[in-house]
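Take a look at the letters that make up each chain.
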Amino acid sequence: MIARERLNQLKDKFGSAILRADLPSDRQLFVWVQPEAVKELCRHIFRDLDARYVISIGADDRPFSGKFIVAHDFAFDTDHVLCSLLAQLPGDEPKIESISGVVPAANWAEREMRDLVGIESVGHPYPKRLVLPDGWPEDVHPLRKDVPWNHVPPEFKEGASFEFEKTPEGCTVVPFGPFHPTLDEPAHFRLYVEGEMVRGCEYRGFMAHRGIEKLAESVMSYNDIPVLAERICGICGCVHSVAYTQAVEAAAALRPPPRAEYIRTILLEMERLHSHLLWVGLACHIVGFDTLFMQAFRIREPVMWMAEKITGNRKTYGLCVVGGVRWDITPELKAELNQTLNKLQAEWEPLVGAVSRDKNIQKRTRGVGVADRNVVKNAGAVGPVARAAGVDIDCRRDHPYAAYDRVDFRVITATGCDVWSRVVVRMKEVFESIAIIRQCLEKMEPGPLQLEIKDELPVGRIGLSSVEAPRGESHHFVITGENNRPRRWRVRAPTYQNLQAVPAMIRDQQIADMTISLGSIDPCFSCTDRMETIELRSGERKTWPQKELLALSQGKK
Amino acid sequence: MLKELCQKMFGRSLWVYHANSGGCNGCDIEVLNALTPYYDAERFGIRLVGSPRHADVMLCQGPGMRATARALRAAYEAMPAPKLVFAIGSCACGGGMWFDSYSVLGPVEKVVPVNYYILGCPPRPEAIIYGVAVALGLMEKKAAPVEFKQTELPIPRYHPEDLRRQGDLVIYEKAEKV
Amino acid sequence: MPEGFRGRPVFDGNKCVGCGGCANNCPARSILIFDVCQELRILQYVGGRCTYCGRCAEVCPEKAITMSREFETSTNDIGDAQQRMELFMSTCQRCGRCFKDESALEKLKLTGYRFDDLQNQRWIFGAGAYQENQPAVKDIFIEMDW
Numbered sequence: 001m002i003a004r005e006r007l008n009q010l011k012d013k014f015g016s017a018i019l020r021a022d023l024p025s026d027r028q029l030f031v032w033v034q035p036e037a038v039k040e041l042c043r044h045i046f047r048d049l050d051a052r053y054v055i056s057i058g059a060d061d062r063p064f065s066g067k068f069i070v071a072h073d074f075a076f077d078t079d080h081v082l083c084s085l086l087a088q089l090p091g092d093e094p095k096i097e098s099i100s101g102v103v104p105a106a107n108w109a110e111r112e113m114r115d116l117v118g119i120e121s122v123g124h125p126y127p128k129r130l131v132l133p134d135g136w137p138e139d140v141h142p143l144r145k146d147v148p149w150n151h152v153p154p155e156f157k158e159g160a161s162f163e164f165e166k167t168p169e170g171c172t173v174v175p176f177g178p179f180h181p182t183l184d185e186p187a188h189f190r191l192y193v194e195g196e197m198v199r200g201c202e203y204r205g206f207m208a209h210r211g212i213e214k215l216a217e218s219v220m221s222y223n224d225i226p227v228l229a230e231r232i233c234g235i236c237g238c239v240h241s242v243a244y245t246q247a248v249e250a251a252a253a254l255r256p257p258p259r260a261e262y263i264r265t266i267l268l269e270m271e272r273l274h275s276h277l278l279w280v281g282l283a284c285h286i287v288g289f290d291t292l293f294m295q296a297f298r299i300r301e302p303v304m305w306m307a308e309k310i311t312g313n314r315k316t317y318g319l320c321v322v323g324g325v326r327w328d329i330t331p332e333l334k335a336e337l338n339q340t341l342n343k344l345q346a347e348w349e350p351l352v353g354a355v356s357r358d359k360n361i362q363k364r365t366r367g368v369g370v371a372d373r374n375v376v377k378n379a380g381a382v383g384p385v386a387r388a389a390g391v392d393i394d395c396r397r398d399h400p401y402a403a404y405d406r407v408d409f410r411v412i413t414a415t416g417c418d419v420w421s422r423v424v425v426r427m428k429e430v431f432e433s434i435a436i437i438r439q440c441l442e443k444m445e446p447g448p449l450q451l452e453i454k455d456e457l458p459v460g461r462i463g464l465s466s467v468e469a470p471r472g473e474s475h476h477f478v479i480t481g482e483n484n485r486p487r488r489w490r491v492r493a494p495t496y497q498n499l500q501a502v503p504a505m506i507r508d509q510q511i512a513d514m515t516i517s518l519g520s521i522d523p524c525f526s527c528t529d530r531m532e533t534i535e536l537r538s539g540e541r542k543t544w545p546q547k548e549l550l551a552l553s554q555g556k557k
Numbered sequence: 558m559l560k561e562l563c564q565k566m567f568g569r570s571l572w573v574y575h576a577n578s579g580g581c582n583g584c585d586i587e588v589l590n591a592l593t594p595y596y597d598a599e600r601f602g603i604r605l606v607g608s609p610r611h612a613d614v615m616l617c618q619g620p621g622m623r624a625t626a627r628a629l630r631a632a633y634e635a636m637p638a639p640k641l642v643f644a645i646g647s648c649a650c651g652g653g654m655w656f657d658s659y660s661v662l663g664p665v666e667k668v669v670p671v672n673y674y675i676l677g678c679p680p681r682p683e684a685i686i687y688g689v690a691v692a693l694g695l696m697e698k699k700a701a702p703v704e705f706k707q708t709e710l711p712i713p714r715y716h717p718e719d720l721r722r723q724g725d726l727v728i729y730e731k732a733e734k735v
Numbered sequence: 736m737p738e739g740f741r742g743r744p745v746f747d748g749n750k751c752v753g754c755g756g757c758a759n760n761c762p763a764r765s766i767l768i769f770d771v772c773q774e775l776r777i778l779q780y781v782g783g784r785c786t787y788c789g790r791c792a793e794v795c796p797e798k799a800i801t802m803s804r805e806f807e808t809s810t811n812d813i814g815d816a817q818q819r820m821e822l823f824m825s826t827c828q829r830c831g832r833c834f835k836d837e838s839a840l841e842k843l844k845l846t847g848y849r850f851d852d853l854q855n856q857r858w859i860f861g862a863g864a865y866q867e868n869q870p871a872v873k874d875i876f877i878e879m880d881w
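Chains as they are written, first to last, in our numbering: chain A, 1 to 557; chain B, 558 to 735; chain C, 736 to 881.
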């Protein structure tokens, strides 16, 4: 109902620009528009209707319709609707007006479109290479259908390095990365520093770009891709495989059996548990409180053991297939899981108390890494980062999937907007996760685990799916295709948007706080795709070895 | 020879440098788990250090990527000899699922020479500790290639067209050996 | 060590029919098949990039692949993880398709002189059956889409 109302609202205002609209269900809306009207429509949806920006996607549809497709996804959280604005661009000259002026969060997505598919965003404020490795030739776009997945362009320059912007007057550059002890993954941040205070930064990342989307379109098949999707990230693997499976199920209008939905929910929540526990441990390690690091990891081990008992592996569950799940929770496992949860809860409460009373941690984290509502909206930040700023969004409640519409839970928000609030939000979410798992175990009925899929899946349908990962909303966009594999699969991890909030967070903070601010968004660079500091006044470049930076962060009083 | 060298040079404690060249970090978290109370690798003297210059062993995780190949090689060369390189996880050992993708060079051995492979996706912390123990010569390795042959060559190859009748028997006129 | 733990996959050459289902469904393309000639098919499992997902074991029609519980698989030579099977795919004399030749005991069925039937108790093997156009045991039923 509400999706139709929104559609009617848009039609009233932009009647002529809207070519076609699809409403496959009450919660997904696909609007095909003229390319010229895209910017104005996006502005209207983002500012006037106050929707949340999710991602922009470029797809090469030339073998099928002769055109490129550009999609801008938005989410109406209070209406429980996911909306996608699609436009078709001519096959020989894909150009579209950039929406980064009106939707600042689209900055990276448009750069990625240009790198991988070759769609030019005219008027983009910073059209620089984002995703592909340095030395990759300019005109080879891997996600185009005429480029094979294992293509090595002959013009690839082996030794090329990233060209950073020219440093402003009087700067010290401190390169940081790609290998750094607190950031598990390679990433390269370049900070502009004046004395001890950070004035700006530049980010060079995407070193973990493995060409997953291209592989999925070329060599994998529908049921192989969940196995691929789990290895996108080392901690939110289950999230990506569930999100992909749900997107395909939405595109093909399939509904998995209820028991499968409950099992998916249980494993998703278990993943949230061990992710938050890991994060709290890591955050304490960054500020120098190693005891809590060890304790948090000790408390989290039983969750990994339970996951291993249910699925066969501690982290890569291999859980989903299109239409169901592969593993079952037997009554013995259920009893054991309940026991583990009781023990976990009993051990977590004193730890929460210890963290809350610790003045040191609070001094290090209050007022640090502030990202208020404006920053959150403009960057499209999601997850605990947004909830700590008082923005009440949570995909489990706003776009219910799996069994979340059948369980009760609270969405934890805080109003501090700083790192301390994020710590509080994550710690409390652990209790909510435990409650959700318990409810699912009670409500689960015996039944089939997988759907019998008799026919091939329909071709050319679009499916969207948003799943709440421990870090925020993970959004998948799938266009189904021939030969048992999708035509286009786009993964948007929460860290993609959260990282765009980092420059605003670290401005006017000290260098030593950089690590904890960055850590507070719980960066998962492998989901997303290093730090140099530039001293603004003296013009020196200084290399900080990683140990020094960690020591600086830990040693700060 | 490498085993004796390891046993002599490294004694009993290894300082380990962790280098992630673009994987998913699952193996990385299992390495962290290996250092925590349940699997406690620190009781063997294994310590995680922050700089390759202090390290004896480099734990490589993630496939060799075009973007980080240079940095990985630089980290390897910054390590003082004698040094060992462990490739952890299926991405580092064989390239993983994306071994032929456009931005992946392949397994880590295309960038740095690898001494020991610890397989798994992700390998359990016990597997990682076992791998380090094998490297240190504390344990024997258990893996070996398996080959199974159902028939030995040459085998006779019959074609149905060659059947001929001879009284009560049916024989093949020609027998081709393959 | 839990029961369902997915360790190293173990290929049992005695049960494998050489259908290639595992190779088609391996996401890491870790199982390779090479047909040397019509009778010989080599199936090789490259252990280096196996991700231990278990799909090969799930799709195998003969249950020839089991996910063992071994995880202590580190070595200093990546070739140690390899498993290779050379399978004899004998040609069915009637329809020319490949079928599996089982253990040494069953090989006896195909050699020598055997003329079963004995008033339709069946069990005919041998070249004579081919000549007389009589059906052999273990008929292969092929679904035809007309």
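The set of hints was computed from the structure by calculation and includes no laboratory data.
Treat each hint with caution, since some may be false.
[Claimed, not checked] Calculated cross-link-like contacts (lysine-lysine; reagent style BS3-like; alpha-carbon spacing at most 30 Å): (1) B:Lys667 x C:Lys798; (2) B:Lys640 x C:Lys750; (3) A:Lys334 x A:Lys428; (4) A:Lys454 x C:Lys750; (5) A:Lys11 x A:Lys67; (6) A:Lys343 x A:Lys428; (7) C:Lys750 x C:Lys798; (8) A:Lys334 x A:Lys95; (9) B:Lys667 x B:Lys640; (10) A:Lys377 x A:Lys428; (11) C:Lys798 x A:Lys454; (12) C:Lys798 x A:Lys334; (13) B:Lys706 x A:Lys145; (14) A:Lys359 x A:Lys334; (15) A:Lys67 x A:Lys13; (16) A:Lys443 x A:Lys343; (17) A:Lys95 x A:Lys128; (18) A:Lys13 x A:Lys128.
[As the list claims (entries may be wrong)] Far from chain B by the CB rule (all over 10 Å, computed), these chain A residues: (19) Ile18; (20) Leu19; (21) Pro63; (22) Pro133; (23) Asp134; (24) Phe206; (25) Ala208; (26) Leu215; (27) Gly237; (28) Glu301; (29) Asp328; (30) Glu336; (31) Asn338; (32) Arg406; (33) Ala414; (34) Glu442.
It should be emphasised that the depicted structure is a prediction, and the values quoted were computed from it without experimental measurement.
Cβ coordinates follow ideal geometry from the N, Cα and C atoms, glycine included.
Hints and how they fare:
Between Lys667 of chain B and Lys798 of chain C, the direct Cα distance comes to roughly 36 Å. Violation of the 30 Å bound is thereby established for this hinted pair. Simply put, Lys640 of chain B and Lys750 of chain C have alpha-carbon atoms about 44 Å apart, too far for the 30 Å limit, and the pair is violated. A hinted pair counts as satisfied when its Cα atoms are at most 30 Å apart, and Lys334 of chain A with Lys428 of chain A qualifies at roughly 24 Å. Annotation: proposed proximity of Lys454 of chain A to Lys750 of chain C holds, straight-line Cα distance about 29 Å (limit 30 Å).
At most 30 Å may separate the alpha-carbon atoms for a hinted pair to count; Lys11 of chain A and Lys67 of chain A meet this at roughly 24 Å. Restraint check for Lys343 of chain A and Lys428 of chain A: satisfied, since their Cα atoms lie roughly 16 Å apart, inside the 30 Å limit. This hinted pair checks out: Lys750 of chain C and Lys798 of chain C have alpha carbons roughly 7 Å apart, not beyond 30 Å. Proximity of Lys334 of chain A to Lys95 of chain A is assessed by CA-CA distance (about 54 Å); at most 30 Å being required, the pair is judged violated.
Under the criterion of a C-alpha separation no larger than 30 Å, the hint pairing Lys667 of chain B with Lys640 of chain B is consistent with the structure, at around 17 Å. Taken as a hint, the Lys377 of chain A and Lys428 of chain A pair is honoured in the structure, with Cα atoms around 24 Å apart against an allowance of 30 Å. Taking the CA atoms of Lys798 of chain C and Lys454 of chain A, the gap is about 23 Å. The hint holds against a cut of 30 Å. The hinted pair formed by Lys798 of chain C and Lys334 of chain A meets the criterion: a straight-line CA distance of about 28 Å does not exceed 30 Å.
Of the pairs offered as hints, the one joining Lys706 of chain B and Lys145 of chain A is violated, with about 42 Å between alpha carbons and a cut-off of 30 Å exceeded. Restraint check for Lys359 of chain A and Lys334 of chain A: the C-alpha separation of about 39 Å exceeds 30 Å, so the hint is violated. Under the criterion of a C-alpha separation no larger than 30 Å, the hint pairing Lys67 of chain A with Lys13 of chain A is consistent with the structure, at around 27 Å. Of the supplied pair hints, the one linking Lys443 of chain A and Lys343 of chain A holds, its CA atoms being roughly 21 Å apart against a limit of 30 Å.
Taken as a hint, the Lys95 of chain A and Lys128 of chain A pair is honoured in the structure, with Cα atoms around 16 Å apart against an allowance of 30 Å. Restraint check: the Cα-Cα separation between Lys13 of chain A and Lys128 of chain A comes to about 35 Å, which exceeds 30 Å; the hinted pair is violated. The Cβ of Ile18 of chain A sits about 37 Å from the closest Cβ of chain B, beyond the 10 Å cut-off, so the non-interface label holds. Against chain B, the non-interface label of Leu19 of chain A holds: every CB pair exceeds 10 Å, the least being about 34 Å.
The claim that Pro63 of chain A lies off the interface holds: its Cβ sits roughly 19 Å from the closest Cβ of chain B, which is beyond the 10 Å cut-off. The claim that Pro133 of chain A lies off the interface is violated: its Cβ sits roughly 4 Å from the closest Cβ of chain B, which falls inside the 10 Å cut-off. At roughly 7 Å from the closest C-beta of chain B, the C-beta of Asp134 of chain A falls inside 10 Å, breaking its exclusion from the interface. The claim that Phe206 of chain A is not at the interface with chain B is violated, since a C-beta of that chain comes within 10 Å of its own (minimum 7 Å).
Consistency note on Ala208 of chain A: stated as away from chain B, yet its beta-carbon is not over 10 Å from all of that chain's, at 4 Å minimum. Taking the minimum C-beta to C-beta distance to chain B, about 6 Å, the non-interface status of Leu215 of chain A is violated against the 10 Å cut. The claim that Gly237 of chain A is not at the interface with chain B is violated, since a C-beta of that chain comes within 10 Å of its own (minimum 7 Å). Taking the minimum C-beta to C-beta distance to chain B, about 5 Å, the non-interface status of Glu301 of chain A is violated against the 10 Å cut.
Non-interface call for Asp328 of chain A relative to chain B: holds, since the shortest CB-CB distance, roughly 22 Å, exceeds 10 Å. No beta-carbon of chain B is positioned within 10 Å of the beta-carbon of Glu336 of chain A; the least distance is around 17 Å. For Asn338 of chain A, the condition that its CB be more than 10 Å from all CB atoms of chain B holds, with the nearest at approximately 21 Å. Remark: the non-interface label on Arg406 of chain A is consistent with the geometry, its nearest Cβ contact in chain B lying 31 Å away (cut-off 10 Å).
The beta carbon of Ala414 of chain A is kept farther than 10 Å from every beta carbon of chain B, the shortest such distance being approximately 27 Å. Distance check for Glu442 of chain A against chain B: the nearest CB is about 30 Å away, which clears 10 Å, and the non-interface claim stands.
Hints 1, 2, 8, 13, 14, 18, 22, 23, 24, 25, 26, 27 and 28 from the earlier list are contradicted by this structure; the remaining hints agree with it.
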